[in-house]
Structure formats: C-alpha cells, structure tokens
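Enquirer: Chains as they are written, first to last, in my numbering: chain L, 1 to 520; chain U, 1 to 408; chain Y, 1 to 253.
Just so you know, nobody snuck in bad clues.
Partial list, computed: chain U residues near chain Y (C-beta under 8 Å):
#1 GLN361
#2 ARG366
#3 LEU378
Calculated from the structure, these hints are not laboratory results. Since we're looking at a predicted model, the values are computed, not measured. Here a beta-carbon is modelled for each residue, glycine too, at the ideal position from N, C-alpha and C.
Residue-level listing of the chains:
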Amino acid sequence: MDCCGGTDEHEDDCTEVTVKEGIDAKTVEAAKALESENYSAGFSTAIDMEFSPKGLSEDTIRFISAKKEEPEWLLDWRLAAYRRWLTMEEPTWAKVRYEPIDYQAYYYYAAPKSGAKYESIDDVPKEILETYEKLGIPLREAEVLLGVEGAAETAAAAREAPRVAVDAVFDSVSVATTFRKELEKAGVIFMSISEAVREHPELVKKYLGTVVPQSDNFFATLNSAVFSDGTFVYVPKGVRCPMELSTYFRMNAENTGQFERTLIVCDEGAYVSYLEGCTAPMRDENQLHAAVVELVALDDAEIKYSTVQNWWPGDEDGKGGIYNFVTKRGDCRGARSKISWTQVETGSAVTWKYPSCILRGDDSVGEFYSIAVTNGRQQADTGTKMIHLGKRTKSRIISKGISAGKSDNTYRGLVSINKRAEKARNFTQCDSLLIGGRCGAHTVPYVENRRADAQLEHEATTTKLSEDQLFYARQRGLGEEQAVALLVNGFVREVLQELPMEFAVEAQKLLEVSLEGSVG
Amino acid sequence: MSTALRDLIANPNAAELELIARYGMLPEDARRERAFEAFAKGGLPHRRVEGWHWSDFKASLPVIETPAQPGTAQDPLPADDAVLFSFTPTGFTWAESLPEGIRVLAKPEAQAFGASEDMPLGALAAALAGGKTKPGTLMIEVTGQDLPRLHFRFSGAGEANFARVQIIVRPGAKLAVSESYLGGAGFTASLMEFSLQAGAECSRTVYQRTGKAEVLAATAAVQLDEGADYRQTTLAFGGKLTRLETRLTHQETGAKATLNAAYLCADGHHADITTEVRHGAPSCVTRQLTKGAVLDGGRGVYQGKFFVPRNVGQKTDADMQHNALLLEEGAEVFAKPELEIYADNVECAHGNTSGALDANQMFYMRQRGIAEEEARALLTEAFIAEALEEAGELEDVLRVQARAWLAR
Amino acid sequence: MLKIENLTATVGEAEEAKQIINGLTLEVPAGEVHAIMGPNGAGKSTLSYVLTGRSGYEVTGGSVTLNGEDILSMEPEERAAKGMFLSFQYPVEIPGVPVMTFVRTAMNSQRKLRGEDEISAPDFIKKSREIAKQLKLDAEMLKRPVNVGFSGGEKKRLEIYQMMMLEPNFLILDETDSGLDIDALKTVAEGVNAMRSPERGMLVITHYQRLLDYIKPDKVHVLSAGRIIKTGGADLAHRLEAEGYEGVVGEAV
Numbered sequence: 001m002d003c004c005g006g007t008d009e010h011e012d013d014c015t016e017v018t019v020k021e022g023i024d025a026k027t028v029e030a031a032k033a034l035e036s037e038n039y040s041a042g043f044s045t046a047i048d049m050e051f052s053p054k055g056l057s058e059d060t061i062r063f064i065s066a067k068k069e070e071p072e073w074l075l076d077w078r079l080a081a082y083r084r085w086l087t088m089e090e091p092t093w094a095k096v097r098y099e100p101i102d103y104q105a106y107y108y109y110a111a112p113k114s115g116a117k118y119e120s121i122d123d124v125p126k127e128i129l130e131t132y133e134k135l136g137i138p139l140r141e142a143e144v145l146l147g148v149e150g151a152a153e154t155a156a157a158a159r160e161a162p163r164v165a166v167d168a169v170f171d172s173v174s175v176a177t178t179f180r181k182e183l184e185k186a187g188v189i190f191m192s193i194s195e196a197v198r199e200h201p202e203l204v205k206k207y208l209g210t211v212v213p214q215s216d217n218f219f220a221t222l223n224s225a226v227f228s229d230g231t232f233v234y235v236p237k238g239v240r241c242p243m244e245l246s247t248y249f250r251m252n253a254e255n256t257g258q259f260e261r262t263l264i265v266c267d268e269g270a271y272v273s274y275l276e277g278c279t280a281p282m283r284d285e286n287q288l289h290a291a292v293v294e295l296v297a298l299d300d301a302e303i304k305y306s307t308v309q310n311w312w313p314g315d316e317d318g319k320g321g322i323y324n325f326v327t328k329r330g331d332c333r334g335a336r337s338k339i340s341w342t343q344v345e346t347g348s349a350v351t352w353k354y355p356s357c358i359l360r361g362d363d364s365v366g367e368f369y370s371i372a373v374t375n376g377r378q379q380a381d382t383g384t385k386m387i388h389l390g391k392r393t394k395s396r397i398i399s400k401g402i403s404a405g406k407s408d409n410t411y412r413g414l415v416s417i418n419k420r421a422e423k424a425r426n427f428t429q430c431d432s433l434l435i436g437g438r439c440g441a442h443t444v445p446y447v448e449n450r451r452a453d454a455q456l457e458h459e460a461t462t463t464k465l466s467e468d469q470l471f472y473a474r475q476r477g478l479g480e481e482q483a484v485a486l487l488v489n490g491f492v493r494e495v496l497q498e499l500p501m502e503f504a505v506e507a508q509k510l511l512e513v514s515l516e517g518s519v520g
Numbered sequence: 001m002s003t004a005l006r007d008l009i010a011n012p013n014a015a016e017l018e019l020i021a022r023y024g025m026l027p028e029d030a031r032r033e034r035a036f037e038a039f040a041k042g043g044l045p046h047r048r049v050e051g052w053h054w055s056d057f058k059a060s061l062p063v064i065e066t067p068a069q070p071g072t073a074q075d076p077l078p079a080d081d082a083v084l085f086s087f088t089p090t091g092f093t094w095a096e097s098l099p100e101g102i103r104v105l106a107k108p109e110a111q112a113f114g115a116s117e118d119m120p121l122g123a124l125a126a127a128l129a130g131g132k133t134k135p136g137t138l139m140i141e142v143t144g145q146d147l148p149r150l151h152f153r154f155s156g157a158g159e160a161n162f163a164r165v166q167i168i169v170r171p172g173a174k175l176a177v178s179e180s181y182l183g184g185a186g187f188t189a190s191l192m193e194f195s196l197q198a199g200a201e202c203s204r205t206v207y208q209r210t211g212k213a214e215v216l217a218a219t220a221a222v223q224l225d226e227g228a229d230y231r232q233t234t235l236a237f238g239g240k241l242t243r244l245e246t247r248l249t250h251q252e253t254g255a256k257a258t259l260n261a262a263y264l265c266a267d268g269h270h271a272d273i274t275t276e277v278r279h280g281a282p283s284c285v286t287r288q289l290t291k292g293a294v295l296d297g298g299r300g301v302y303q304g305k306f307f308v309p310r311n312v313g314q315k316t317d318a319d320m321q322h323n324a325l326l327l328e329e330g331a332e333v334f335a336k337p338e339l340e341i342y343a344d345n346v347e348c349a350h351g352n353t354s355g356a357l358d359a360n361q362m363f364y365m366r367q368r369g370i371a372e373e374e375a376r377a378l379l380t381e382a383f384i385a386e387a388l389e390e391a392g393e394l395e396d397v398l399r400v401q402a403r404a405w406l407a408r
Numbered sequence: 001m002l003k004i005e006n007l008t009a010t011v012g013e014a015e016e017a018k019q020i021i022n023g024l025t026l027e028v029p030a031g032e033v034h035a036i037m038g039p040n041g042a043g044k045s046t047l048s049y050v051l052t053g054r055s056g057y058e059v060t061g062g063s064v065t066l067n068g069e070d071i072l073s074m075e076p077e078e079r080a081a082k083g084m085f086l087s088f089q090y091p092v093e094i095p096g097v098p099v100m101t102f103v104r105t106a107m108n109s110q111r112k113l114r115g116e117d118e119i120s121a122p123d124f125i126k127k128s129r130e131i132a133k134q135l136k137l138d139a140e141m142l143k144r145p146v147n148v149g150f151s152g153g154e155k156k157r158l159e160i161y162q163m164m165m166l167e168p169n170f171l172i173l174d175e176t177d178s179g180l181d182i183d184a185l186k187t188v189a190e191g192v193n194a195m196r197s198p199e200r201g202m203l204v205i206t207h208y209q210r211l212l213d214y215i216k217p218d219k220v221h222v223l224s225a226g227r228i229i230k231t232g233g234a235d236l237a238h239r240l241e242a243e244g245y246e247g248v249v250g251e252a253v
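Full structure from sequences and hints, please.
Expert: In structure tokens form, the structure reads like this:
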C-alpha cells in the first residue's frame with residue numbers, strides 16, 4: 001500500500017494492490033497489522049489535473065472566479081473577504097498544536113483537466129467514477145436503482161435500499177449530482193454551488209454569508225475568498241424532500257487545499273436530511289481543509305445534517321493528515337424551526353470544528369450529537385455553540401469523545417442564553433472515554449445564563465474503559481479488540497441512533513477501524 | 001517615575017500606572033521584581049485573556065481610589081478565641097502572644113512565588129505586600145494540634161490593601177484558618193499560600209462582604225503532601241468585582257481536598273469563584289460543590305478546572321458540581337466547569353445547572369400552605385446551605401449571614 | 001362542601017395546550033368520601049392539580065367552590081389555608097429542609113393566612129409525637145430533609161402525617177396506594193379513616209379498587225376522557241375490578 005501515499009504515476013500498481021486485497025482476505029488481515037494501513041480510503045486517483053497558480057493572491061481569486069464564470073458581485077465578495085483575511089490572525093485558543101501553515105504552499109484550485117463542468121454523468125472521467133466506487137458511493141444512480149451487477153458490491157451495503165441523492169466534490173469541482181430530475185419535480189434545488197450561482201443567483205445572493213459572515217473567523221474568511229465548490233440545496237415551502245441528500249468530498253490532488261462551501265435553505269415548513277462524507281488519500285504532507293456550511297431554517301422548517309468525517313488522519317508518527325478547520329453554523333431563523341447536527345469524526349490530523357445553532361425563532365430547537373474518535377497523534381477540538389435568542393428555545397447536546405493512542409480530544413462548547421430567551425432550555429451531556437495512558441480527554445464547556453426562567457443542565461464524566469466489562473466480554477470469548485469495539489459501541493449508542501440508517505452502519509465500521517491497534 | 005518602570009505594562013490605565021508607582025517606592029528586591037514582572041507581563045487581566053473573560057479587572061479598575069462609600073460590614077466571624085491578624089490599607093496588627101505550636105515571622109522582604117505566571121493578581125499581591133508598616137511576607141509555621149483558629153481580617157478605608165501570607169502545616173499538625181474580606185479599600189489583593197505536609201489537616205473558611213465599589217482579588221495557592229486533608233468553605237457576596245481564586249496541587253499520594261463555596265449576588269455585585277485543582281499524584285480525592293443565588297443586576301461567575309497529568313494522576317477521584325439559582329430576571333450566571341485529563345485510570349465528573357427554583361418543590365410547599373415568598377426563601381437557604389456544611393464551627397455563622405441576605 | 005360544575009381545563013402552554021378535563025361535574029358533601037376511578041390518561045391527576053392550583057394547568061371553563069367560595073382564583077397556599085390538602089402521587093423531595101421545620105412553617109403560614117395565632121413550640125412537638133406514634137413513624141425520620149432518601153411507603157406515610165398535623169377540611173388522595181405493600185397500606189388507611197368526620201370531605205383518586213377495601217367510599221365515580229361517565233355506590237368499584245374499565249365504560253357510552 002505504500003505506493004498509495006506517493007505520487008500519481010504509480011496508480012496502476014495501486015489499483016492492482018487494491019484489487020488483490022479485494023480477493024485475498026488474508027492479505028487484508030496482514031496489512032491491518034500496520035496501523036496506518038487501516039485507512040482504506042487512502043488511495044489516490046491518477047488523472048490530469050488543472051491547477052490554479054500556487055499560493056494565494058488576488059490573482060488566484062480572480063483565476064478561480066473566472067474559471068467558474070462567476071458574476072461580478074461574487075468576485076467582489078471574494079476579494080472583500082481576501083482583503084479582510086489579510087488583516088486577521090490565525091486563532092490559537094483551541095487545544096491543538098501544529099506546525100505553522102504556509103498558506104502560499106497550497107493550490108487553491110484543482111480540477112480534472114477534461115473540464116470543470118459535466119453535462120451528464122457520462123462526461124465524468126472514468127477514473128473519478130471509479131474513485132467514488134471504491135469509496136462506496138453510488139454515484140451512478142441507474143446502477144444502484146436497477147441493481148446492475150457490481151453496484152451492490154461497490155455501494156455500501158446499507159446504502160442500497162434507501163435512495164440517496166449524491167453530490168460528489170472532487171478536489172475543487174463538483175463532478176456529479178444524481179437524482180436531479182426527480183428532485184426537480186418536487187421543487188427541490190440540489191446542485192453544486194457553482195451551478196447555483198449561475199442558475200439561481202437570486203437565492204444564492206439572498207442567503208450566502210448570512211449565517212457565517214465573511215468576517216466571521218480566520219478560516220471562514222479564507223473560505224469566503226477562495227471557496228471552490230460545494231453544494232447548494234433549497235427546499236421550497238411545505239416540501240418534505242423525498243430523499244436524503246448527500247455530498248461526498250474527496251481530496252485527491254497533492255498540496256491542495258479544499259474549501260468547499262455548502263448552503264442549505266429550508267423554506268417554511270420544509271424538511272431535508274443531508275449527509276456529508278469526506279475522505280482523502282494518504283499524503284505525507286498536511287493538507288488544508290477549510291469549509292463553511294451555512295444552514296437556514298425558516299418557520300416550521302427542519303434540517304437534519306449528518307457528517308461522517310474520515311479525512312486521512314496522518315500516520316502513527318503524526319506525519320501527514322488533514323487539517324480540518326471547518327465553520328458550520330445553522331440559523332433557526334423561523335419560529336418552531338429545528339436544526340440537528342450529528343457528526344461522527346474519526347479522521348483528520350487536526351480538527352477544529354463547532355457546528356452551531358443560532359436559535360433565533362421562537363420555539364426553535366437546536367441539537368448536536370457527536371462522536372469524536374482520536375487515535376495515533378490526532379488532535380480534535382470540537383463541540384458546539386447553542387445561542388438562544390428566541391423565546392422557549394430548546395437545545396440538546398450529546399457529545400461522546402473517545403481518545404486512544406497519543407491523541408488529544410477536546411469538547412469545547414458554549415451555551416448562551418440571551419436576555420430575551422424566555423424559558424430557554426438546554427441539556428448537555430459530555431462523556432469522555434480514555435483508552436490507554438498516553439492520550440488526553442478534555443471538556444471545556446462555557447455556560448452563560450441571563451434568564452432566571454431558563455433551565456440549564458450539564459453533566460460530564462471522564463472514565464476509562466471498564467476493566468470489568470472488558471474481562472466479562474473476553475471471558476465470553478470476544479477478542480480484545482472486538483470487546484473494545486463492543487463497549488465503545490455501547491458508549492456512543494445514543495449518538496449512533498441519531499444517524500440516518502445508511503450512515504449508521506458505516507459509522508459503526510469506521511469506529512472499529514479507527515480504534516484498531518488502540519489496546520494491548 | 002522612570003520611563004523604564006512606566007514601560008513595564010503595555011498601554012497602562014491609571015490604575016496600572018498607580019501600581020507601577022507603588023512598586024517603584026518599595027525597596028529593591030530580586031524576588032519582588034520577578035513577581036511584579038509576572039504581573040506586568042499582561043497587566044490587569046481583561047476579557048480577552050482566557051480565564052478572565054467574565055471578570056475583567058482592567059475595565060473594573062480604571063483608577064485606584066478610596067471608595068466614596070467604603071464597605072463597613074462588621075466581621076461576623078468571631079475573633080475572641082482566635083489569633084487575629086489584621087491587614088488594613090496602611091497597617092498590620094496581630095496579637096503577638098501565641099500559643100505553643102504556632103510560630104510567626106513577619107519578614108520585610110518578598111519570598112519566591114513559583115506559579116506567578118498563572119496567577120497574575122497573586123503575583124501582584126506578592127510584589128506589593130510590604131512597605132514601612134506591613135510585612136512583605138507573613139510566615140506562619142504550625143506544629144501543634146489543638147490550636148486556636150488563625151483569623152485574618154482585611155478591612156479599613158483606603159486606596160489599596162495588599163497582603164501575603166505563607167502557612168506551613170507540619171506533618172500531622174492540625175489547623176483552622178479563617179479570612180474575612182470586608183472591603184474599605186478600593187482594591188484589595190491577597191496571596192495566601194498553604195503547604196500541608198504529610199498527614200496535616202487544615203480547614204479554611206473565607207467570608208467576603210464588601211461594598212459595591214470595591215475590587216478584590218484573593219488568591220490562594222495550596223499544596224498537599226501525602227495524606228493531607230484540606231477543607232475550604234467560602235461565602236462570597238461579591239462587590240464591584242471580586243474574585244476568590246484557589247489553585248490547589250495534590251503533590252503526593254492520598255491527599256484529599258474539599259472545596260466548597262456559596263455566592264450570593266445582589267444588584268451591582270459581581271462574585272467570581274475560580275478554582276484549579278491539579279492531581280499531580282496518584283489516588284488523590286477532590287470534592288467540590290459550589291452554589292450560587294443571584295438577584296437582578298448581580299453576576300455570578302464560576303470557573304472550575306481539574307487537571308490530571310499523565311502517569312502521576314492515576315486513580316484520581318474528582319467530582320465538581322456547580323448549581324446556581326437566578327432568583328430574578330436580570331441576574332446573570334456564567335460557568336465553565338472544565339476537565340483536562342491525561343491519565344486513563346480516573347473517575348472524574350462534573351455537573352452544572354442554572355435556572356430557577358424547582359417548580360415541583362415550590363408547588364409542594366405552597367400546597368401545604370407556605371406562602372410563595374417564604375417557600376422561595378426556605379428552598380434557597382436549603383440550597384445554599386449545602387455548600388456550607390463543611391465549615392465546622394463556623395457553619396452556623398455563615399448560614400445566619402446567608403439567611404439574612406435572603407430575607408432582606 | 002366541594003362543588004365542581006362543568007369544569008374544563010387544559011395542560012401545557014400556549015400552542016401545546018391540551019384539553020384534559022372536559023366538562024366535569026361533581027359534588028362531594030361534607031362528611032362523605034367519594035372515589036374517582038378511571039383508566040390511565042383519564043385525567044385523574046390533572047383533576048387533583050387543577051383543584052389545588054398548580055401552574056401549567058389552566059381552567060378554561062366552569063367553576064369550583066369550597067363551602068360556597070370560589071377557589072379557582074386563589075393561590076395554592078390560599079387554597080391550602082382554606083383546608084384543601086393534596087396527598088401527592090409522587091411526594092416531592094426537598095433537600096436541606098427538615099420535615100419538622102417544613103410542617104411547622106406550613107402550619108403557621110396557614111394560621112397566619114386565616115388570622116390565627118402561631119402554634120407554640122411545645123404544642124407542636126407534642127402533637128407531632130402523638131401522630132408519629134400513631135403512624136409508626138420514627139422520630140429520627142422527622143429530622144431528615146423532606147422525602148429525601150425515603151422509601152415509597154415512607155413517603156406516603158409522611159403525606160398522611162402532614163395531613164393529620166395540618167387537619168385540613170377537604171382531602172384529595174392521589175393514587176395514595178401506589179407503591180405500598182399491604183402493611184403500609186393498612187397504616188395509611190387507618191390514618192385516613194381517623195380523619196373522617198361530619199365536617200370533612202374526601203376525594204380518593206385511584207386506579208385500583210384495593211384501597212377502597214380499606215377506605216370505604218360513599219360514592220364511586222368513573223372518570224373517562226375528562227368527564228364523569230358513571231356514578232354508583234361502593235359496589236361499582238368491585239364491578240370495575242371484575243369487568244374492567246372497558247366493559248363499564250363501554251356500557252356507559
């Protein structure tokens with residue numbers, strides 16, 4: 001598997017090895033003995049790529065904007081963000097340490113050479129489709145629908161039955177959006193944000209940057225300047241989106257930053273469930289991922305946003321891996337609206353991520369369910385902010401952190417009750433589990449209450465995996481790692497239950513893989 | 001003032017300039033200098049510094065001046081049977097006849113203060129304690145067991161009151177200490193250091209009640225050796241800004257610490273209870289209970305942290321609870337109960353609640369005929385009293401004070 | 001004594017409010033014990049809270065009078081001072097407040113509201129001792145915080161202790177038999193029976209007929225969907241036990 005961490009020229013070897021693994025189960029077992037090889041998504045795809053000039057400047061931004069044939073207003077918006085970014089400092093308050101990032105060493109745009117736009121799925125380069133197949137993403141909707149031979153093996157088993165519309169982002173470009181027609185019938189707009197800028201400029205203009213403003217924070221501002229692609233979803237009034245929507249992000253090219261931007265708007269009374277998955281090939285150097293996700297829920301709307309993040313975490317010595325600096329925020333703008341974040345974070349070398357809810361509408365509800373697993377030398381600083389502004393707003397936070405290896409795992413959260421947030425409610429539970437004596441688990445909750453009629457409860461525990469339980473399971477014949485996986489599954493159960501079914505199975509597998517080699 | 005001194009703090013406000021001036025007037029002393037530099041590095045801590053976000057000393061202390069209406073609270077803690085040490089802005093008195101088992105040294109110079117970087121206002125107290133009428137460091141060594149309580153009183157009108165006390169409790173010795181912060185000075189900063197040696201026991205009671213104009217930073221640094229037992233109970237009413245900070249280190253096996261506090265904040269009062277406990281040795285126990293009740297215009301701040309280092313912190317058993325009542329709209333309670341843990345064989349938990357009184361309890365009491373106001377007072381007192389239960393002979397005194405405040 | 005006429009009430013706030021009591025009419029004359037029986041969700045506990053004035057339960061129509069006085073406009077403690085006592089299905093724990101302090105405060109508050117003098121400390125203690133003895137309550141228990149760490153049976157006995165101490169003139173027993181073993185049930189019932197008098201009315205709310213073997217009702221009412229749908233004598237309780245609610249309710253509809 002070594003070749004997979006290298007350059008693109010070896011892609012033939014790489015495919016061969018992958019195929020062999022598929023055939024020979026014993027080879028797989030043997031390979032698993034090596035920790036870094038646990039990352040099954042760590043292959044790269046060899047295709048001709050087109051890059052922006054290396055580094056960041058106004059020219060880079062003009063290049064990106066021109067490539068995407070963007071209107072003037074968006075270029076101006078990007079440039080304003082860039083100028084602002086130049087005056088900002090990288091935040092240092094999170095409990096993560098990493099070498100200073102050289103922002104000039106990255107490519108801010110990388111696209112498969114055959115062109116950034118695909119008229120139909122048949123125009124998408126074969127290699128990219130194969131990549132997604134390897135990842136188990138059912139991009140070819142027809143195959144999945146008709147059950148064409150091979151589709152069942154490549155698509156994750158659990159994802160076969162329910163239908164999921166997928167937008168796949170390959171480095172900077174959205175390569176395919178499936179189920180477009182059917183969604184259009186329901187009035188749901190689901191396309192890459194580049195397309196949306198062209199086809200629905202009024203909607204994009206109305207909502208872009210209204211939840212995460214350009215000036216929000218260092219990484220969000222950087223994203224505003226250079227965002228390459230991402231997904232746009234609009235669910236019109238009263239429509240319950242007929243299927244789960246999903247985006248897969250894949251970082252492939254070397255030295256490339258990925259800066260996708262997602263905007264989901266649920267109009268009055270609408271509902272959507274959205275799944276996001278991420279992978280990247282194994283690279284020795286660190287890759288930068290600075291995404292922005294904005295959610296807007298109007299009156300009585302509900303958005304359920306689930307993430308399984310499995311970016312390359314680096315090898316066991318902490319070499320390589322993704323820097324995942326993401327700003328995700330939902331705005332419960334309307335009365336009785338609801339936004340629910342569920343995340344399973346197992347990847348990335350460094351994670352800096354706080355999916356948040358602004359509970360503006362009266363009776364709106366925010367939820368955050370999180371499983372964060374760190375192993376090896378991973379560092380995760382993640383949590384949520386629940387900002388209660390409206391009356392009778394409710395929030396619920398369930399966070400399960402699991403630290404193994406030499407990793408550090410921090411829950412950082414804010415619950416803020418504004419003076420006007422009559423009868424607000426929050427319940428928070430943060431549990432941390434330590435596996436082994438070289439990792440760290442930290443809990444940093446900030447609770448600000450300005451209402452006497454608010455009711456806030458926070459509970460947290462930090463424990464190790466129970467020796468008694470482990471022994472009990474092993475006495476009944478489970479292997480040590482199996483026993484750990486079983487107990488960890490119990491520990492995170494509450495959160496797994498919140499995941500859409502097709503994601504839950506994958507998440508569970510991911511947990512097992514992430515924790516391999518953590519005991520003994 | 002020389003430019004060199006003036007430059008010690010970046011963009012100083014009038015209060016910081018005054019502190020620099022006071023420092024300049026004290027005799028030169030390398031340890032004092034180090035302590036002052038530790039303070040000067042950041043100056044008066046402000047909201048952009050982690051740990052001071054909700055308690056901004058720079059904003060609350062623009063100048064150092066005698067309050068127009070200095071607090072004149074009577075000291076409710078009895079001193080008749082205690083050994084009294086009294087610090088005022090201009091002087092220091094103490095009963096120089098001491099029972100056997102207690103030795104006191106009033107040293108003019110400063111002593112080294114190790115963790116000064118983490119406790120800027122403790123470092124400030126260490127740097128500015130002393131002068132013609134006050135000791136630079138008051139050192140107390142305790143060897144006996146059945147000793148009278150040591151009582152420290154901080155009071156008297158004036159601009160500023162600084163004090164530093166080091167207490168060493170020798171192996172197996174037992175001591176009770178109490179402190180009353182009664183205000184009077186525009187700014188009071190104290191540094192109390194406790195070193196409990198093997199098997200030593202110490203109970204500390206802190207009572208704080210100042211006027212609305214006073215700013216106070218009372219810092220305690222506590223170190224526990226093998227099997228030492230430390231119990232602390234605080235009752236704070238806040239002031240313009242008051243911070244009662246305790247940094248405790250379990251440095252040998254089997255030590256036990258109880259850190260309880262209650263705060264009651266009326267309009268214009270801000271009370272900050274901050275603690276950090278470092279489990280620097282295996283099998284140590286920490287129990288922490290903080291209760292607060294706040295009225296319209298008051299602000300309560302609670303910051304607690306358990307830090308458990310790798311290897312040495314194994315078998316830590318630590319529990320932290322903070323429960324606050326916002327008795328009226330307009331009250332504010334900000335809390336940050338934090339865990340930083342690097343050892344796997346530990347049991348650590350924390351809980352945090354804030355809100356109104358339990359509606360079920362209120363209805364139950366009213367159904368039995370107790371009027372709403374009375375039910376509220378009874379429930380609140382019971383709620384607060386739980387945090388005062390470890391105060392030994394002083395529990396009743398504290399409880400009476402809390403009750404009187406609730407009945408006002 | 002207690003007269004409920006065409007009462008309607010909702011639970012929950014604003015848009016989430018649900019109507020639970022739907023035009024309930026009932027009269028309990030002084031000296032009588034009436035039982036209210038009904039399946040789960042019939043509105044039994046809601047009725048007890050509406051009568052005693054718990055917030056979150058809103059009366060939307062009808063009237064309730066106690067000895068001719070409108071009680072619906074009164075605060076919970078005013079109703080208590082008028083003699084309304086609710087024995088809770090789930091007595092509430094109050095940490096930090098000892099039973100004796102609690103009951104004495106309640107007694108004196110009620111007296112104050114009625115314009116009476118406070119009870120003297122020796123009189124109070126004497127009375128408490130007598131009642132505790134009758135109910136087989138340990139004196140130590142009365143020094144502990146209200147209901148904290150008490151078993152289910154102890155909590156119910158403590159409710160009866162409070163009832164006997166406060167001497168209310170109208171009692172509502174909400175599922176007092178739940179969670180009691182047979183001995184505890186007998187003790188509790190003896191306490192309640194000792195309270196029966198020509199001046200006093202009682203409403204016994206229960207799901208099962210068991211309690212009514214020990215506290216004999218003058219009348220039994222069946223509550224369903226927030227209304228009284230059948231009224232009969234003590235034998236009705238036995239019929240309910242034998243035939244189940246469905247049979248009896250079905251017959252009435």
